Amino acid sequence: MEHTLNKRGGGFFRLKESGVIIALVILFVFFSVSTDTFLSSQNLMNILRQVSLLGIMTMGMTMVIVTGEFDLSVGSTFGMTGLLTGTFMSTLGYPIWVSIVLGVLIGIAVGLINGILVTYCRIPSFIVTLGMLNIVRGLALVITGGLVVVLNEKTVRYHDGLDSFFFTGSGKVGAMPVMAFFFIAVVVAAFFVLHKTIIGFWMKAVGGNSNAAQAVGIKVPFVKIVAFSILGGLAALAGIINLAFITNAQGTTGQGMELNVIAATVIGGTSISGGEGSILGAVIGVLITGILNNGLILIGASSFVQTVCIGAVIIGAVAIDVWSRRRQ
Amino acid sequence: MESIIRFEKITKRFSGVQALDDVSFAIEKAQVHAIVGENGAGKSTLMNILSGLLVQDEGQVYYKGEARKIGSPAVARKLGIATVFQELKNCDNLTVTENIFMGREIKSGFSPNWRKMNELARGILREYGVEIDVQTPLSGLSMAQKQIIEIAKAIDLNADVLILDEPTSALTVNETRHLFANIRRLKEKQVTVIFISHRLEEIFEIADVVSVLRNGKYLCTCETGSMTTGEVIQLIAGKDLVAQYAATGGKSGRAFSKKVLEVEHLSRGSAVRDVSFALYEGEILGFYGLQGSGRTETMEAVFGLAKKTGGAIRMFDEDVRKPDTRASIRGRMSMLTEERKYNGVFFNMDVNENIAVVHSRKIARGGFLNSRRMREMANAYVDRLAIKCTGLKQPIGKLSGGNQQKVILSRGLSTDPSILILDEPTRGVDVGAKAEIYEILRALQREKNLSMIVISSELPEIILLCDRILVMHGGRITGELTGGDINEEAILKCAFNDSLPPKTKGPSDLSPGSR
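Listed in order, the protein sequences are those of chains A and B.
Sequential numbering from 1 applies to the first sequence in this note's numbering.
Sequential numbering from 1 applies to the second sequence in this note's numbering.
Read the hints as simulated data drawn from the structure, not as lab findings.
Be aware that a few hints might be false.
[Unchecked claim] With a straight-line Cα cutoff of 30 Å, these simulated DSS-like cross-link-like pairs (lysine-lysine) come out:
hint, chain 1, residue 1, chain 2, residue 2
1, B, K493, A, K219
2, A, K219, A, K196
3, B, K116, A, K16
4, B, K341, A, K196
5, A, K196, B, K187
6, B, K398, A, K219
7, A, K196, B, K189
[To be verified] Derived Cβ-Cβ restraints for the label pairs, each shown as a range:
hint, chain 1, residue 1, chain 2, residue 2, range
8, A, P124, B, F14, 32 to 40 Å
9, B, R373, A, F167, 56 to 64 Å
10, B, A380, A, T247, 58 to 66 Å
11, A, C121, B, L94, 26 to 34 Å
12, B, R13, A, P124, 40 to 48 Å
13, B, E28, A, S273, 27 to 35 Å
14, A, W323, B, D208, 18 to 26 Å
15, A, G174, B, Y342, 38 to 46 Å
16, B, L94, A, W97, 23 to 31 Å
17, A, C121, B, A312, 52 to 60 Å
18, B, L94, A, V322, 27 to 35 Å
19, B, A312, A, V322, 48 to 56 Å
20, A, S273, B, K258, 42 to 50 Å
None of the values given here were measured: they were computed from a predicted structure.
From the three backbone atoms N, C-alpha and C, an ideal C-beta is built for every residue, glycine too.
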């Protein structure tokens, strides 16, 4: 048995994420060499801004998938919370901060409902969240009557803080977009939750073997509901920042975004069967999708080609994961 | 006459573990040949070689006088060797006919001719005395019915040799009788049946000869008529265990007075019916019973893994209204579950995490994990139970079965329990590790005055370990044995609920839903 220790390389290559890190570096070097514009600080900040909202949601999705579940409703939650927060500010005339808090709470509530339906009602999460995808988006359209919500000093009654609200969306501190600070803060928080707290440990346990988790006294439904709620809350946060960025909202915002979030999560090495996943991997997954999208535009590839590439990367990433695991 | 199968010097190793060591013996045509041995003795490995799932490292299998390298299940099937595995390999969502003809559908033109296949299937089943609608999906049938279908299918493939791996483990006594009637009929048709079972009574009833394996070595083949159960047990268990066995050495022999756990009129659907018992401080209480007797189900209800439907549980003189696992662990009860893979091990975690996962307060302060505490705790057990691993960070999947079991045992002990429930503590564990685990349990009883409940299907194990044994049958407790009354025969008598039902000549009582 002792010889297995020696066979495993030390340091970097022992990291589960080493495969995706190498892929990220290759992409980075490739686009840096093949274009003049990729490596400019302005472009890199651009990429960071482009991936921030996706990244915030990916952190939550990683937790949900680590518990062995799945969430297709995040794109809708993202869209609806932005839309409702905008409606609270304008049509209903609530103060800005109240609207934001309500928006986040609604996101958490969607996650909570997802979690309860999955655990206590024992409906597969794929079905629950597919249903919620439609319900949530439909509700958003019903509530606003399909109209576009526009935020400016005329439409928002308490518009004192409106500029600072917009600043969270489109502002910059130095060269860094404010959005990116939110992303980084969420990454740090998610890292602690998943890797350093007992609830993160439980998520791993529940996703690895839920029957064993029950046997050692872990409240399996509780853990899953927490993961869904965190994701719902993060989707709402991203949705509200998006509202601040584009200053208007409509019923179709965030359509299809759930697939990008799941793609980034999976590229980051989170196992779809649960129990395996890391925040570091998820961040790299997010960066890979961002760099790929940005770089392909810069080398002049059409958006159709980009779509093909993202698809290939998803399959490739999982293939590498499966292959490396079999070799172990 | 040439033997139908002859093993010659078969050797097989699994990453350093010698599963089969120079095994040579012959199996005669049209006999029922039983193979016995403890878990890990090499029975399954040998049968897997014969059915093509494994290839031997050394040695030769002679089939009908010719040296054959089987190597794949398809080749085995072509040669006429059919296997009915312990875990049945059929599709629950498909109908009986579809299962029987899967992979060899009868076609008219391009489309399958279901009418013809249904007709044939009906004929096949009638021969085995099974009255089942061949168009029902398998999911609605009992284990016994599924098993007969597997056997029927195997024989329909013109098998000359039929391997039955623990065929009765999921069957009731009546269903077993029915199976035996069919085995006798196969024998008349010149089919050779290789029968693997842990139940000696069954072997003595159905088998013509029995071969004994121990620790991967072949011991002997004897006619069942010339042996007693006791002699076979001695052969299976080996001298060391027998010596202990006879002296009942190591048993505490103490009198117990303080009740730590009382269970009264416990029921859980039809699986557990009106079960009452008490566990005393410092006692090792055994639960024996055949598969489906309700032992595991009882303990699951006590520990809170499953809901009870009636009855009362008292732990340390306090009523436990609604047992749940978390409260049980806090109340200083631990349970090692039966199926390591199903609800024991976290394969996505390392040794350290597998032990720590049971704790929340000890390993986390304010919600944050204290990895040093986790390591210290795990380290203590790795040393104490002599767990063989390359380190705490080794993924648990890389450990041997015995060491995995020790990790799970460490987890159970790390909560410092007063009551420890062990469900099949040595299943899938090699003989050496088994002895170690017994020693650990003994020491716990001696030094910590731990009260334990041991569920086991292995008679020597339960007799060796336990101060008192309760036997279950059909969800009820059918016997209680203490001290000098404990012996094989008495236990089995209770396990079969005293009277074996009369032997049925022909299959008769296997109607749908007879379970």
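Consistency of the hints with the structure:
Taking the CA atoms of K493 of chain B and K219 of chain A, the gap is near 41 Å; set against the 30 Å cutoff, the hint is violated. Restraint check: the Cα-Cα separation between K219 of chain A and K196 of chain A comes to about 19 Å, which is no more than 30 Å; the hinted pair holds. A distance of roughly 55 Å separates the Cα atoms of K116 of chain B and K16 of chain A; the hinted pair therefore is violated under the 30 Å criterion. Simply put, K341 of chain B and K196 of chain A have alpha-carbon atoms about 26 Å apart, close enough for the 30 Å limit, and the pair holds.
Straight-line distance between C-alpha atoms of K196 of chain A and K187 of chain B comes to about 63 Å, which puts the hinted pair past the 30 Å bound. At roughly 28 Å between alpha-carbon atoms, K398 of chain B and K219 of chain A fall within 30 Å of each other, so this suggested pair holds. With a CA separation close to 66 Å, the supplied pair K196 of chain A and K189 of chain B exceeds the 30 Å bound. For P124 of chain A paired with F14 of chain B, a C-beta distance near 37 Å keeps the hint of 32 to 40 Å intact.
At about 44 Å, the beta-carbon gap between R373 of chain B and F167 of chain A misses the expected band of 56 to 64 Å. A380 of chain B and T247 of chain A have their C-beta atoms about 60 Å apart, which keeps the hinted 58 to 66 Å range intact. Range check, C121 of chain A to L94 of chain B: about 29 Å between beta-carbon atoms, so the 26 to 34 Å window is met. For the hinted restraint 40 to 48 Å between R13 of chain B and P124 of chain A, the CB-CB distance of approximately 43 Å keeps it satisfied.
E28 of chain B and S273 of chain A have their C-beta atoms about 48 Å apart, which leaves the hinted 27 to 35 Å range violated. Between W323 of chain A and D208 of chain B the Cβ separation comes to about 50 Å, which falls outside the hinted range of 18 to 26 Å. Under the hint 38 to 46 Å, the C-beta atoms of G174 of chain A and Y342 of chain B, about 55 Å apart, miss the expected range. In this structure, L94 of chain B and W97 of chain A break the distance hint of 23 to 31 Å, their C-beta atoms being roughly 60 Å apart.
Under the hint 52 to 60 Å, the C-beta atoms of C121 of chain A and A312 of chain B, about 30 Å apart, miss the expected range. Range check, L94 of chain B to V322 of chain A: Cβ separation about 29 Å, and the 27 to 35 Å hint holds. Between A312 of chain B and V322 of chain A the Cβ separation comes to about 51 Å, which falls inside the hinted range of 48 to 56 Å. Distance hint for S273 of chain A and K258 of chain B: a CB-CB separation of about 47 Å, consistent with the stated range 42 to 50 Å.
Violation of the numbered hints given earlier is confined to hints 1, 3, 5, 7, 9, 13, 14, 15, 16, 17; the remaining hints are satisfied by the structure.
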